[in-house]
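Asks: Each chain, letter by letter, is given below.
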Amino acid sequence: MAQFAEIFLGILTAMGGFVEIGELTFTLNGGTRFAYQLLWVNLLGTIGIIVYCEMAGRVAAVKHRAVFSLIRERAGFSAGLLTLVASAIVNLLTCSAEIGGVALLWQLVSGAPYRVLLLLALLFLVLVVWLLSFQSIERIFGLGGLLMIVFGIALVHLGPDWRALAAGFVPRWPQTSHPRDTLLYFYFAVALMSSIMLPYETYFYASGGIEDKWKPSDVGLNRLVVIVGFTLGGLLSVALVGMGAEFFAAKDVEPQLPGTAALGVAATLGQWGLFAALLGMFFAFGGAAIETALASAYNLAQFAGWPWGKHRRKRDAGRFTLSWLAVFVLATIVVQTGVDPVSVVEYSIVFSVVVLPFTYFPVLMVAKDKSIMGEHANGWLSNTLGWFYLVAITLAALAAIPLFLLTHGGRG
Amino acid sequence: MPVPRAMRAAQRACGLLNRVMSVRRTPSASHRECATPGETRKAVHQAIGCVLALALLGAAALAISRRPAGADELRLPIAELRSQSAELELLRAQSAAASPRFAQVHAQHLAKAIDASRDELNAMQVEPALGEVRTAASALASQLAAAAHGAADQAAPTAALKALERSLQR
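In order, the protein sequences belong to chains A and B.
1 is the number of the first residue of the first sequence in my numbering; add one for each residue after it.
1001 is the number of the first residue of the second sequence in my numbering; add one for each residue after it.
Think of the hints as simulated: they come from the structure by calculation, not from any bench.
Treat the hints loosely; a few may be bogus.
[Claimed, not checked] Quick list of in silico lysine-lysine cross-link-like pairs, DSS-like style, CA-CA up to 30 Å:
hint, chain 1, residue 1, chain 2, residue 2
1, A, K215, A, K63
2, A, K251, A, K368
3, B, K1162, A, K251
4, A, K251, B, K1042
5, A, K63, A, K251
6, A, K63, A, K370
Model, not experiment: these values are computed from the prediction.
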């Protein structure tokens, strides 16, 4: 039973990547603009994040080493510092957007002023991380985030074109009416890949494995956790693409707000669907906020060599505790300025593509090293997939900024 | 013998690759390795490089933003307004399926987004040939904003915005 509960680490990590506020609107938009044509990117990204989180989790289980200590060791101080700063910016921006998202959801239910709700969201998240154990957080937010399945139910209720949906998993040249739309398609493909393989998922997952005290005998469990957790995340993302393609495209709506996503479910399933969607989004956004704040603190502590972990007493990991508190406070200040949370996270998704190769390269190097990992080193399949994805994300990193500029920030 | 330029470039690339690939193992229990002065200097150089690159990008973005907008740029806020207008119609049609509070607050969120798109449209400097389209779009944006801010009798001008958007796609 205790081992079964470990699944929630995978689910919570996946929620932070697949259905956080930016990814939610971005995926719906991808479906609205290109129907099912981008589904192959979802599949590719899901396998990629499974491959790398499995490696990072295996290293954590076998050597009790988290990702940023590997980055510092393998890439050296300068490149490590650059990755630390870039990932800290990505995490902070994403955390800001998620706190903003939680406040927007609370406002949709209560009607209270947004800025007051931002402060309440900050207080809520700080109390959750302060008072609850790591295991309780992963179970509560992982389980709650599963309410997002309501988007899948809504899609089935809409009666999607299953043949077109299945065909979307096969990569093909985009069918667009204008060269500008072809560029936009490739921008969506790169950004979708990046948002599924967001670096903080790997930081959080590997550190979570250490928090959960994984041992070498848990290597099989790690594999099960990533496959189940991220496959669920991938299915939710397919459901969002489907809602975009089947519902919003027909209405000429390109969703930009979390409320729009919920409205689609309400229109399909009625009030119970609306409340399930709002609750699912609350757990998904809240989980992502916690994931990014803790990932920032893990990164900093692992890079600097401070004691870290939720499993330690707070005074024994004082700088770690201060770090996640500081991230929550700074993130709230960012959204208090009035910036749009969804825009913030869309920028952070593009920026994070640049960090991806620096994050995944050290993980691959250690996971494949037999002198370090012994019998738990990568096999041929992990190595082949690892190199394939490293090349793919490096190409994506090179293409991301030019595509972002050429498509007016992904607007068209 | 002079080394050909291509070979020097290849040597530099190999050096860089070696530095990235080089294994520097610090003991896993203590990651307290302090940066050497050389490493710190390199990090400072990197930071200066990043700041300079950002400044250059910022200057380029500023220069581009001062150009009069063409059809491609003008189409963007109009497309956003078209989508928001369609969403307003959807919200009005589905208000019975959603809770009254949700419908009311979501309409406020939508109105704010519409105001932002309208402000962007009104602030645009467009090419002279697009002046008429911009004026027509601004009028429709005002109509949409009035509808979003609670004028229930005011229709959302989705079809007209869509027609304008299409006229710019040619």
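Asks: Each hint: holds or not?
Replies: How the hints compare with the structure:
Under the criterion of a C-alpha separation no larger than 30 Å, the hint pairing K215/A with K63/A is consistent with the structure, at around 9 Å. With a C-alpha separation of about 49 Å, the suggested pair K251/A and K368/A falls outside the 30 Å cut-off, and the hint is violated. For the proposed pair K1162/B and K251/A, the alpha carbon gap of about 12 Å is at most 30 Å, so the pair holds. A distance of roughly 54 Å separates the Cα atoms of K251/A and K1042/B; the hinted pair therefore is violated under the 30 Å criterion.
Between K63/A and K251/A the CA atoms are separated by roughly 52 Å; this puts the pair beyond 30 Å, and the hint is violated. Among the hinted pairs, K63/A with K370/A is consistent with the structure: their alpha-carbon atoms are about 12 Å apart, no more than 30 Å.
Against the hints set out earlier in the document, violations occur for numbers 2, 4, 5.
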